[in-house]
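Residue numbers for the sequence shown follow our numbering, beginning at 339 and rising by one.
Do not take every clue at face value.
[What the hints assert, rightly or not] SDA-like, lysine to any residue: derived pairs with alpha carbons at most 20 Å apart:
| hint | residue 1 | residue 2 |
| --- | --- | --- |
| 1 | 635 | 444 |
| 2 | 661 | 810 |
| 3 | 444 | 477 |
| 4 | 782 | 662 |
| 5 | 367 | 387 |
| 6 | 501 | 542 |
| 7 | 723 | 370 |
| 8 | 782 | 712 |
| 9 | 661 | 712 |
| 10 | 661 | 777 |
| 11 | 1023 | 943 |
| 12 | 524 | 967 |
| 13 | 943 | 999 |
| 14 | 383 | 417 |
| 15 | 661 | 678 |
| 16 | 387 | 415 |
| 17 | 524 | 961 |
| 18 | 832 | 943 |
| 19 | 661 | 598 |
| 20 | 991 | 864 |
| 21 | 340 | 370 |
| 22 | 991 | 678 |
| 23 | 1023 | 847 |
| 24 | 635 | 943 |
| 25 | 991 | 954 |
| 26 | 504 | 667 |
| 27 | 444 | 663 |
Hint data in this document are derived by calculation from the structure and do not stem from the laboratory.
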Amino acid sequence: FKTYYGPNNAVLSLAGDINVDEAKKIVTKYFGDIPPGPSPIKKKKWIAKRSGEKREIMYDRVPNARIYKVWNTPEIGSPEHAHFELLASLLTGGKNSALYQELVYKRQLATSVSAFYYDREIAGQFWIAVDLANGRSLDDLEDAMDTALSDFIKKGPSAKRLKNTKTSIRASSIKGLQRVGGFGGKSDLLAYSEVYSGNPGAYLEFINGIMEITNKEIKETANTWLTDGAYVLTVIPEENRSYNSESTADRSKLPFPTEFPELDLPEIQRAKLSNGLEVVLAERHDVPMINLSFQIKSGHATDPIGQPGLANFTMSMLTEGSKSFDALELSDQLEELGTDLYTSTGLDSSSINISSLKSSFEESIEIMFEVITEPTFDQEEIDRKKIRWLAAIDQSLSTPNGMVSNLIPEILYGEDHPYAKPFSGNGTRESIQWMSRDDLINYKNRFIAPSNGTLILVGDTNLDEILPTLEAQFGSWPENRMLKGAQLDYTINKEPDSRRVFLIDKPGAVQSLIVAGQLMPGMRTSDEIDIDLMNRVIGGSFTSRLNMNLREDKSWSYGVRTRLSQYKGPRPMLVSAPVQTDKTVDSIQEIIREYDEYLSSNPAKNEELEAIVNDLSLGLIGDFETFGSLMSGLSGIVSFDREDDFLDNLPTKYRSMTIDDINAAAQRYIDPSIWTWVIVGDLSKIEQGIRELDLGEIEILKLD
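From just these sequences and the hints, can you work out the full model?
This is the structure in C-alpha cells:
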C-alpha cells in the first residue's frame, strides 16, 4: 500500500465550480503534508500476443448461453488504441454494425452482441460477447460470428458506416462533457488523460485522432490482432509528491462544508403551439446540444386487461421504422446526425426522446415527428423484437428480483387494478406472443396525441429560437378524439387486514430474497416529503437502520433498501433484503424488530434527520448537472402537476422538516401488521423456519 498509494503516484482531478487558486489552497491543506512513497517503477509494455486458439467451457445458472472471444492487443496510448475503440463500435454499436446486422437482425441467432477494448497500461484486450437466442445452435452462432468477423476484416466498413460511427463517437464524447464527475465526465477524462499520457487534454487529441482513422487502418489492425490467438469461453446454462511535514488539517474529524451553495437551476419557461400542445423549456448553454422529450400522460398502467406489456412494446416499436425509413435506415440516419432517439415507458407516463447536437436539431426533430406520427409497425420488425423481448422476460424470471417484480403488483393491488402488472412493464410471455400489429396501432392511435402530451426541452436554445421549429413540425398535428375515457381508477378494492406470506421456491439458491411492505399514498400528497424522509431513516438509504444492521453489523446481506415507487396512485413501499440462506429467518425477525421499535421505543432521531437532509439538499447541487438529469426533473414536474419552482424549493422544504413531522408520518402510514411478504429461496432450507415464525397464512407461488 505504501509503495503505490502515495501522492507521487497519484493524480487529483478537480472539476466544477472552482478556480486554480482555490484548488491549490484546498489541495495543499489536505494533501500537501502527506509524505511521498518510494518512487514507483513504471512497467513497460508487455503484449502477450497469442497464437492458436484456447477454449474453455463454464457452466452457470443463466437462462441463455453466451460466447466470449478475447484477443490480447497493444496497450492504452498505442497507435492501435483508437483503432480498437472505433472497431468495437463498427462491429457492435447500433443496428447497422457488422455483427449486430448478421447475428441479431438478419439471422436472429443472437439476442445481443457487444464488443469493447479493455484499455490497460502494459497491454490491452479486445472482447466480443454474443448471447445465444432461444432455440438456436451455439455452433451455428459461432460459425456465423466468425464468418461475419472475417468478412469485415477483409472488406472493412463502408465509407458511410465509418463516417457515421465516428460522428456517433464524437457526439457521445461531447454529451459526456455535461457531467462534472462520473465515468466519462470532465474530472474523469482529465485524470485519465494525465495518468496515461501525461497530458490532461489528451482526450481531445484522442477523439480527433479517431476522426482521422481510415478504412485501411481499421482493416490492418483487425487483421494483425484479431485473426489469431483468440481465447474462447462458452458459458452454458447448468440446466441445459511536494511534502510539508507540518499538517494544517484537523484529522480528528472529516471536513464538512461550512457554506452551502444555493441550488441554481434555469428558469422553467412555458408556451403553447397553435394546436394547444404544451411546451416546457429549461435553457442550458454550456454544451451545444438539445434534448427534446415528447411525454405522454399514459404509461403501462393503461395496458388493457389481458394485454400487459402493450404500452411498452408499442413505444419501443416507434423507433423500428417510419414512413420514410425502415429500421436500419432510421438507425443509419440518426447515426449520421450524431443523434440518440429512444423511448421510455413508466407506469403513469411514456416518452419518446432525442438527444441531438444543436447543429443537427432541425433534421433530428423532423425524424422524431415522423416516428411519432407515422410509424410503420412492420410485421418483420415486430417478430424480431418479440424474440428479444421474450428472451428478456425469460432472463427476468430467472432471477429472484424478477420473480417478485412480476408477481407482487397483482398481490398488492388486486386483480384488474391498473397497477396490477409486472413492474418492468414488459408484460408476460403469453401477452407478448399474442400481441398483434393491430394492437400496437390501436394503442398508438388512442394515446399518442397533442392533448395527451407535453414537449419538454433542455438545451442550448431559447423560446424565440425554438418555437418556430416546434411549430413547423408539431403545430399542425391534429387532435385525437379517441382519448376520451382514458382516465384511470386507482381505488384499491380491498386492502389487507393482516399479514400475508408468499413463498417462491428457487432450488439451490445461494441466498434468499426477502421483500415486504405495503402501499403508501401517491406522489401528489401534501406530506410527500414527510413520507420520503420517514422511509430514508429506516430503510431508504445506505446509512438507514436496516442496512446498517443487516449489512454493516451482521454481514448477512450485501445491501438492504426500502424502496418507495414514484406513482400518481397508491405506491409500494417495499423492503428488499437479499440475505444468506441460513440467516433468512433471523433477517425476517430483525426487519420486524427494527420497524416495531421505529414505531415505538426508538423513533427517528434528530441526528438521523439532519444527516439525511444534508445528504439530499447538498446532493441536489449535482443532481441536475446533465441535460438528461434536468430533463428527468422537468418530467416529474409535468407528470405530477407540480409548481414550476418545485425543484428550486426542495432544499428549503427539506430543511424545514422536523423530527416530529417524520415520526408523525411513520405513525400515520407504516403498519407492519398488514404487510405482504414475498420470500424467494431454497424452500427445502428455509420454509420450515418461516412457518415457525407464524407471520400469517402462507401460500406457495409458482411461476407460469
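Structure-based check of all given hints:
no.	hint	verdict
1	635 / 444	violated (35 Å)
2	661 / 810	holds (18 Å)
3	444 / 477	holds (17 Å)
4	782 / 662	holds (18 Å)
5	367 / 387	violated (46 Å)
6	501 / 542	holds (18 Å)
7	723 / 370	violated (57 Å)
8	782 / 712	holds (10 Å)
9	661 / 712	holds (6 Å)
10	661 / 777	holds (19 Å)
11	1023 / 943	violated (38 Å)
12	524 / 967	holds (16 Å)
13	943 / 999	holds (12 Å)
14	383 / 417	holds (13 Å)
15	661 / 678	holds (19 Å)
16	387 / 415	holds (17 Å)
17	524 / 961	holds (15 Å)
18	832 / 943	violated (35 Å)
19	661 / 598	violated (52 Å)
20	991 / 864	holds (12 Å)
21	340 / 370	holds (16 Å)
22	991 / 678	violated (36 Å)
23	1023 / 847	holds (10 Å)
24	635 / 943	violated (39 Å)
25	991 / 954	holds (11 Å)
26	504 / 667	holds (17 Å)
27	444 / 663	holds (17 Å)
Checked against the numbered hints above, the structure violates hints 1, 5, 7, 11, 18, 19, 22, 24; every other hint is satisfied.
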